[in-house]
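Q: Sequence:
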Amino acid sequence: MATLPLFRLDGRVALVSGAGRGIGAATALALAEAGADVAVLSRTPDQIEAVAQQVRELGRRAVAIPTDAGDAEAVAGAVARVAEELGGIDVVVSVTGGSMPRPFTHTHDEALRKSFENNVVHGVRLVREAVPHQAKSEAASVVMVSSSTGHLVGRGYLAYGAAKASLDHAVRMMAADLNPRIRVNAVAPGAILTEALEVAAADPEMKATLENHTPLRRIGVPEDIAAAILYLASPASSYVTGQVLAVDGGLVAPNMPLPIPDVEI
Numbered sequence: 001m002a003t004l005p006l007f008r009l010d011g012r013v014a015l016v017s018g019a020g021r022g023i024g025a026a027t028a029l030a031l032a033e034a035g036a037d038v039a040v041l042s043r044t045p046d047q048i049e050a051v052a053q054q055v056r057e058l059g060r061r062a063v064a065i066p067t068d069a070g071d072a073e074a075v076a077g078a079v080a081r082v083a084e085e086l087g088g089i090d091v092v093v094s095v096t097g098g099s100m101p102r103p104f105t106h107t108h109d110e111a112l113r114k115s116f117e118n119n120v121v122h123g124v125r126l127v128r129e130a131v132p133h134q135a136k137s138e139a140a141s142v143v144m145v146s147s148s149t150g151h152l153v154g155r156g157y158l159a160y161g162a163a164k165a166s167l168d169h170a171v172r173m174m175a176a177d178l179n180p181r182i183r184v185n186a187v188a189p190g191a192i193l194t195e196a197l198e199v200a201a202a203d204p205e206m207k208a209t210l211e212n213h214t215p216l217r218r219i220g221v222p223e224d225i226a227a228a229i230l231y232l233a234s235p236a237s238s239y240v241t242g243q244v245l246a247v248d249g250g251l252v253a254p255n256m257p258l259p260i261p262d263v264e265i
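Going by the UniProt record's numbering, the sequence shown opens with residue 1, and the numbers climb by one from there.
The hints are simulated quantities; they were obtained by calculation from the structure and are not laboratory data.
Given the structure is predicted, the values throughout are model-derived calculations rather than measurements.
Errors might be hidden in some of the hints.
[Stated by the list, open to error] The following label-pair restraints were derived from C-beta to C-beta distances: (1) Arg-43 x Tyr-239: 41 to 51 Å; (2) Pro-132 x Ser-238: 13 to 23 Å; (3) Ala-74 x Gly-98: 14 to 24 Å; (4) Asp-68 x Ala-208: 33 to 43 Å; (5) Asp-10 x Tyr-239: 12 to 22 Å; (6) Ala-227 x Ala-50: 13 to 23 Å; (7) Ala-2 x Leu-112: 47 to 57 Å; (8) Glu-85 x Ile-260: 26 to 36 Å; (9) Lys-136 x Arg-217: 41 to 51 Å; (10) Ala-202 x Glu-223: 16 to 26 Å.
Think of the CB as a built atom: it goes at the ideal place given N, C-alpha and C, for glycine as much as any other residue.
Construct the complete structure from the given sequences, taking the supplied hints into account.
A: Here's what the structure looks like:
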């Protein structure tokens, strides 16, 4: 059996949430390059339409649907529209989430609730809505975007790290629930050069710190994550489910420790 064709997605439909920029946009284009028709969802109409146009220029069908991941009704409507306009859903990629770091003593209940909502609930909701459509596919796959913060330990990231750790286990539980029809996996990026990291990367000292604390000595780019997502979305990973793939340059500790002082007694 030839190996490279296993990475193809010809005739498949992929839905990418959070696709307006960064990892989501790079993923949408990678899936299109592999042969998939792609639906791109985000709250930013201009951005996702630009991504959709790039998909079309690759010779694939594309639909851009402005969607707030926190709006359950909007998500349900978007999923239904994708299935109707593109003829089904084979692959779902969720690139939603995020949370600002803060000291433990300032991490109040609302910050915890909001982080869990953004990083776990929104993605799981999307998958739940897509399952009836994916169950009709012969090669259904879900890929969630987690974070290295879900398994590394450092100050300031309680809300974000706990939520991403929860997402990692949700991936395992969804895989158990959806076997054998739908595979569910995740990628856990480290420091990736997206808009969120541009300020740090533009500062030579901060950039050097990030690079020097990363075993592979560089900051990742969205295409690094998109390539891993393509693997998990494609038949190349047909014997893989319930896994969280670290794509972080080999991190064993955070590469940008925050200057948060000890708690005073």
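Q: Hint by hint, say whether it matches the structure.
A: Each hint tested on the structure:
no. : hint                          : result
1   : Arg-43 x Tyr-239: 41 to 51 Å  : violated, 36 Å
2   : Pro-132 x Ser-238: 13 to 23 Å : holds, 22 Å
3   : Ala-74 x Gly-98: 14 to 24 Å   : holds, 19 Å
4   : Asp-68 x Ala-208: 33 to 43 Å  : holds, 38 Å
5   : Asp-10 x Tyr-239: 12 to 22 Å  : holds, 20 Å
6   : Ala-227 x Ala-50: 13 to 23 Å  : holds, 21 Å
7   : Ala-2 x Leu-112: 47 to 57 Å   : holds, 48 Å
8   : Glu-85 x Ile-260: 26 to 36 Å  : violated, 48 Å
9   : Lys-136 x Arg-217: 41 to 51 Å : holds, 45 Å
10  : Ala-202 x Glu-223: 16 to 26 Å : holds, 20 Å
Hint compliance for this structure: hints 1 and 8 are broken, all remaining hints hold.
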